[in-house]
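S.K.: Given two chains presented individually in distinct reference frames, assemble the corresponding complex, making use of the accompanying hints.
Each chain, letter by letter, is given below.
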Amino acid sequence: QKEVEQDPGPLSVPEGAIVSLNCTYSNSAFQYFMWYRQYSRKGPELLMYTYSSGNKEDGRFTAQVDKSSKYISLFIRDSQPSDSATYLCAMSVILGFGNEKLTFGTGTRLTIIP
Amino acid sequence: EAGVTQSPTHLIKTRGQQVTLRCSPISGHTSVYWYQQALGLGLQFLLWYDEGEERNRGNFPPRFSGRQFPNYSSELNVNALELEDSALYLCASSLGEGQGDFSPLHFGNGTRLTVT
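Residue numbers (the working numbering), protein chains in the order written: chain B, 1 to 114; chain R, 1 to 116.
Treat the hints as calculated values from the structure; they're not laboratory data. Treat the hints with care, as some may be off.
[To be verified] To give a feel for the contact side, a few chain B residues facing chain R, derived at Cβ under 7 Å:
{"id": "1", "residue": "Y32"}
{"id": "2", "residue": "M34"}
{"id": "3", "residue": "Y39"}
{"id": "4", "residue": "K42"}
{"id": "5", "residue": "Y49"}
{"id": "6", "residue": "T106"}
[To be verified] Here are some chain R residues pointing at chain B (derived, C-beta under 7 Å):
{"id": "7", "residue": "G42"}
{"id": "8", "residue": "L43"}
{"id": "9", "residue": "L90"}
Glycine included, each C-beta is placed from N, C-alpha and C at the ideal position.
Extracted from the complex, chain R is given alone in its bound form (with noise of 0.2 Å):
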């Protein structure tokens, strides 16, 4: 079974440019996550995104944004970079609602990010 895919793994950006990241869940999971480790911060959680809705978004600001598609897979899209953007971000996939009462997060190997 293959896991969670993220593409590209890496990827550097200029402060002000506009980036686009992806992920591709594994089969049969509904529901993706977006979370971001910037150095020292650990795991920031980003957006939650089930059924093509966003679910819950974390405490960052609107230039952060993203979308999940028919076939479950998402993009985040990050507009007017700034240094601080520089981190690895990850995407998770899980079962959604009414597939069991509890399922875990599995993540992908990520995207690194860097600003300059």
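Just chain B, same shape as in the assembly (with noise of 0.2 Å):
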């Protein structure tokens, strides 16, 4: 079982719909919680990162994190075709040093209809 995972789809959507993407995660340990978006041909880009456990909202975008199930979610609300990526989750557990463990989802990806 790996330690993250990640629904690849493809996932298609009609624009200005709610978008759920979600990852699941077996190590207990995992403190911190990321999204990452990547655009075809580019290096993914930091969307959000959280620490606890509830909802983190910058903009559009809204992560969940539930560690009592070991879930963690990203919505995108009123979607729009500029959203159409992959997008990864990844979680770190600070082992002493810096990231010492960071585990990222093999990515799902996302196209908006227009």
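M.R.: Written out as structure tokens, the structure is:
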């Protein structure tokens, strides 16, 4: 079993819809949770990161962490064609010196249909 | 603020050759990470440097090596290239030890290496 599981998609939704992207994990030691967006032929771009359980909002994006269920989500409201990209979740546990254990999901490819 | 920069953007090499990839971190970041992103395999951790020293290494053979310079820029070297080394090589940087409890990685746009 992988430490981080992410549905690869592809996921296609109409413009304006609410998008829900999810990851599950097995390592309860993970402390920090990140979402990256990667456009084709580009590097991953950090969207948001959170530490505690609960919600964190940034514009049209909301990150949700449920540590009891080992489940994280990224919601995109009012989705736009420019949101079409691959979304990667990542999780980190600090082992005493920086990001000593950082694990990425495999990414979900999202397409917003105009 | 300039982001992480990588060079070259694209590279085509022949099997058995050697290649050097370069990375400049965000100003103020002392940690540099290298990842391999092969088609369908996700991000695979290669190497982590901080303050000029190798701090951790992923599950890759010794022909993958690198170094970090005093200005915190970094090189990734791959010797005896194999066809399966074809991938996007990503460099990322973050704040190092003593600069905060947590510093997420910021990535460059990568070097796309094709081995024929």
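S.K.: Determine for every hint whether it applies to the structure shown.
M.R.: A quick look at each hint next to the structure:
1. Y32: holds, 6 Å
2. M34: holds, 6 Å
3. Y39: violated, 9 Å
4. K42: holds, 5 Å
5. Y49: Because about 5 Å separates B:Y49 from the closest Cβ in chain R, which is inside the 7 Å limit, the hint holds.
6. T106: With Cβ-Cβ at 4 Å, under 7 Å, it holds.
7. G42: Hint on R:G42: holds, closest Cβ of chain B at ~4 Å, below 7 Å.
8. L43: holds, 4 Å
9. L90: For R:L90, the interface hint holds, since the closest Cβ of chain B sits about 5 Å away, which is under 7 Å.
Going down the numbered hints, you'll see the structure goes against just number 3.
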